[in-house]
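Chains F, Z and E: place on chain A using the hints.
These are the residues of each chain, in order.
There are 4 protein chains.
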Amino acid sequence: MSSNSLSDIKTPPACTADFCLIPLGTPTASVSKEVAEVQRLLKRSGLNYSMHSAGTTVEGSWDEVMKVIGQCHAMLHANGVVRIQSDIRVGTRTDKKQSFDDKVAAVRKILDADEKAVEGP
Amino acid sequence: MSSNSLSDIKTPPACTADFCLIPLGTPTASVSKEVAEVQRLLKRSGLNYSMHSAGTTVEGSWDEVMKVIGQCHAMLHANGVVRIQSDIRVGTRTDKKQSFDDKVAAVRKILDADEKAVEGP
Amino acid sequence: MSSNSLSDIKTPPACTADFCLIPLGTPTASVSKEVAEVQRLLKRSGLNYSMHSAGTTVEGSWDEVMKVIGQCHAMLHANGVVRIQSDIRVGTRTDKKQSFDDKVAAVRKILDADEKAVEGP
Amino acid sequence: MSSNSLSDIKTPPACTADFCLIPLGTPTASVSKEVAEVQRLLKRSGLNYSMHSAGTTVEGSWDEVMKVIGQCHAMLHANGVVRIQSDIRVGTRTDKKQSFDDKVAAVRKILDADEKAVEGP
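Chains as they are written, first to last, in the numbering used here: chain A, 7 to 127; chain F, 7 to 127; chain Z, 7 to 127; chain E, 7 to 127.
In isolation and in its complexed conformation, chain A is listed as follows:
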């Protein structure tokens, strides 16, 4: 693709990102308040998202998803947090559309078959 301009390469139309945001240099070791603010911002974004104990998963176009995570950083900075580190696991695929609910369902289907095999006919 070296003959093309870099600006011609579009970011992926869909992605799933799971991010864990950590504020540094805050007075307490608790992050519940910051995580709650992140959830409020995600709600306003209109994107599909789901919180779990180790992060929050969000779906949308690459640009939408990365923008909203950046806005979470900016919002917390505006609230006085001087340093923030996030770990983002982001996946894209071209073979099929798969929501984060579909992923869990695919694994559960395999595991349910185990249980049926154990229970027997």
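In case anyone wonders, no lab produced these hints; they're calculated from the structure.
One or more hints might be untrue.
Which copy is meant is left open, so a pair is good if it fits within one copy or across any two.
As the list claims (entries may be wrong) - DSSO-like, lysine-lysine: derived pairs with alpha carbons at most 27 Å apart:
no. : residue 1 : residue 2
1   : K16       : K122
2   : K103      : K16
3   : K102      : K16
If you're wondering where the values come from, they're calculated on a predicted model, not measured in any experiment.
Relative to chain A, chains F, Z and E alone:
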């Protein structure tokens, strides 16, 4: 602590680890089969764990948790996967005992207060 | 900030992101070819970046950095990789400007003081 | 492998782990002091390791590597840090032995060929 022997430093008695395991060089882009095998192994470990769309969270002592994740790698290698990469987010704290369910509950409690405020008296 | 529109929140003007990109469902377990393509794309971006054995660190505005990582995904998809997973560690701070070289230098300065102390006068 | 005991599964004999350790609830947003202490501990471990701006890469058996990262957490807790979060990228492979220096060399070899092609005969 430089006067002590390194072997005197014990690993943490408790941790919460969230890991996302990726097999490389497999014939298909699907990882459901491998993730299901990981869930079966975790079930046999007796540790508290919870799967979500972007990984699996597991609780226990540092040594127990890291051992079982290593066993997941070893099991998949034994099944023919030649290369595996995991991303592990692991947290330890000394200020309080907090299960992964407690963490989500702490955030939900803050968010529930929002809704009550909106609904009004 | 709940009274403001979400679109008013700007993403951070500077960030440092370290990303590790993994192609899934490729014929071999090697990723050198894909990592080399990523390096070529980063070079064309004009951003400051540095490869190490576990990823590539890149600096710039939040939007620039996230766009170029998304373009890496898109480029590899265009080359036939059907699924890609990246782990991104991204940090932002408002207390000072610090390049990734500065970070390593700050730690090395502390460690160098150790050695001088050992060597003695 | 369901007929075997879980304790029969050995963790991998070799792995490469890249970890980024973050102390929470510390008075300042700087982590240089903590990162320097981690480097000192790694030096004492005798394992092969390399620091970069976004983490530290360490090689050894799965058990050795995970133990030393756990010891880093324990040491910082002993020094008064109440909460620590690490992101660990860990890889294992059975197709070949590859040090972290080998990985970078494999990519550089491909990129060097580019430059020769550009320079021409």
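Hint check:
{"no.": "1", "hint": "K16 / K122", "in the structure": "neither (46 Å within a copy, 29 Å between copies)"}
{"no.": "2", "hint": "K103 / K16", "in the structure": "within (18 Å within a copy, 30 Å between copies)"}
{"no.": "3", "hint": "K102 / K16", "in the structure": "within (18 Å within a copy, 32 Å between copies)"}
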